[in-house]
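Student: Turn these sequences into a full structure, and let the hints guide you.
There are 2 protein chains.
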Amino acid sequence: MTRDGQEELGVILYFIGTAASEGIPNPLCKCSTCQEARKFAFAQRKPPTLAVILKKGGIILFDVGSDIGEHLPGVSIRTVFLTHWHNDHTYGLYKLRWVAKKLSLYAPREGADATILNEPRNLEIQFIKAGDTIKLPPLKITALKLNHFPETLGYLLESKKKKVAILYDTKGLPEETYELLKKKKPKVALVDATYPPGVEMPTHNNVDEAAVLGLSVAEKVYLTHIAHHNLPFTKLLEYVIEKYGEKVNVAYDGMVVYV
Amino acid sequence: MTRDGQEELGVILYFIGTAASEGIPNPLCKCSTCQEARKFAFAQRKPPTLAVILKKGGIILFDVGSDIGEHLPGVSIRTVFLTHWHNDHTYGLYKLRWVAKKLSLYAPREGADATILNEPRNLEIQFIKAGDTIKLPPLKITALKLNHFPETLGYLLESKKKKVAILYDTKGLPEETYELLKKKKPKVALVDATYPPGVEMPTHNNVDEAAVLGLSVAEKVYLTHIAHHNLPFTKLLEYVIEKYGEKVNVAYDGMVVYV
Chain A
1 MTRDGQEELG VILYFIGTAA SEGIPNPLCK CSTCQEARKF AFAQRKPPTL AVILKKGGII
61 LFDVGSDIGE HLPGVSIRTV FLTHWHNDHT YGLYKLRWVA KKLSLYAPRE GADATILNEP
121 RNLEIQFIKA GDTIKLPPLK ITALKLNHFP ETLGYLLESK KKKVAILYDT KGLPEETYEL
181 LKKKKPKVAL VDATYPPGVE MPTHNNVDEA AVLGLSVAEK VYLTHIAHHN LPFTKLLEYV
241 IEKYGEKVNV AYDGMVVYV
Chain B
1 MTRDGQEELG VILYFIGTAA SEGIPNPLCK CSTCQEARKF AFAQRKPPTL AVILKKGGII
61 LFDVGSDIGE HLPGVSIRTV FLTHWHNDHT YGLYKLRWVA KKLSLYAPRE GADATILNEP
121 RNLEIQFIKA GDTIKLPPLK ITALKLNHFP ETLGYLLESK KKKVAILYDT KGLPEETYEL
181 LKKKKPKVAL VDATYPPGVE MPTHNNVDEA AVLGLSVAEK VYLTHIAHHN LPFTKLLEYV
241 IEKYGEKVNV AYDGMVVYV
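As given, the protein sequences belong to chains A and B, one line each in that order. So that you can map any letter, position 94 of the first sequence is 94 in my numbering, and since no number is skipped, the others follow by simple counting. So that you can map any letter, position 162 of the second sequence is 162 in my numbering, and since no number is skipped, the others follow by simple counting.
Among these hints, one or two may not hold up.
Residues from chain B that face chain A, not an exhaustive set, calculated with beta carbons under 8 angstroms [to be verified]:
| no. | residue |
| --- | --- |
| 1 | K39 |
| 2 | E70 |
| 3 | I77 |
| 4 | G172 |
| 5 | P174 |
| 6 | G254 |
These aren't lab readings, by the way, just hints derived from the structure by calculation. All C-beta atoms, glycine included, are put in the ideal place defined by N, C-alpha and C.
Tutor: See below:
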């Protein structure tokens, strides 16, 4: 606790799901990434869910791409943020809305899921847009514009001393987001690295685009939102560490990072 | 591949189990470490099993403290090494001996489990002692004397360029092992950190003993063999990173490390 009562960030990032839409292994697929995931449990990926665990016990979820029951069996979730309403980021909401207490859900408006909107049950949905800030002491959370559709938000988590940027799904960064992050200098950036090196696509980064983008704004980068189109995990890990050293990491389901 | 045909180490360490004997949560226990593990799946620990995954696809297991079926569903294990015959390091063998092909098991002789010895089924047991070296190209594996009972071995994994030392269970290191490791300079050491800071016990290290020991011989340290007597995982992670920086890490079940 600092003199003005604001803590350092002191969060744990718990990567519950780190896949793109289809998850890995993709059912029926025989590609080498999917085949590897049938050998090693650590190479299996579920769609995106990130739990940010605050020092004082609070939990904030960013996207709910999978059922979180087995991963957080005994905690009260404080708030949920959605990056956007693509299904791989929202699957888990269909079940989570039966949560035992009222729970705030912040999300962009565009493309909102009709089932969730019409029957939110215990989810209290609040629409936000890029530039909005939400205060969840000791954190300030700023929504960031990303290059993806429908309307997609990144998030900057700030406390007095440390910052984390959540940057998926996106292809590169809009100028305003890049400038903001250059100024804020987050310690850690989590970046969309959907595709393998050399593959250029319009709405997601490849591994090198993600690594370079992440390193241009943050000290340490975690690549996530990995498609089965990407390299098998063991090859991806080797590629990234041999090329970028330990400043760039490949996230995986179950990974725990202290910031 | 180097000119003389010997690869760099290029291994992935896959921590399948990172607990001491009882696992975390310990059934019926209400301590804060066990209670935390009932909240967060990442804070749950099974008894020790480590898979070392070689670049060319081979897998070597060090201890089999848990059933490995769900973690390595589709791979052929090449060889198994035991550190010693305490039950928390051997539970998984009772099932693994039904493995579909003959499988080499290297272990110290003292205290060998009668059930496994009398009915090894597909395990081919070979007794080894400190100082013995086993060649599994591209690795050379040397058995190391540790301070634990019954007769307990650490292991040094060496290739041309990188080395990994596996140092559990132990309290400190015998002089001969310390001198060997000082000379060999492993990149990574996995060290027994059973107890919380300040707790002195005769056959296992506490967290600080483990961190200091590890840093005295290796560049990077992973603390493992964590008892429920230790700090809750989130507090342990904070303690270790705040005190030692990123050179000392707390291993957890499911952790993946590229060396």
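Student: Are the hints correct? Go through all of them and say.
Tutor: Comparing the hints with the structure gives:
| no. | hint | result |
| --- | --- | --- |
| 1 | K39 | holds, 4 angstroms |
| 2 | E70 | holds, 6 angstroms |
| 3 | I77 | violated, 11 angstroms |
| 4 | G172 | violated, 27 angstroms |
| 5 | P174 | violated, 32 angstroms |
| 6 | G254 | holds, 4 angstroms |
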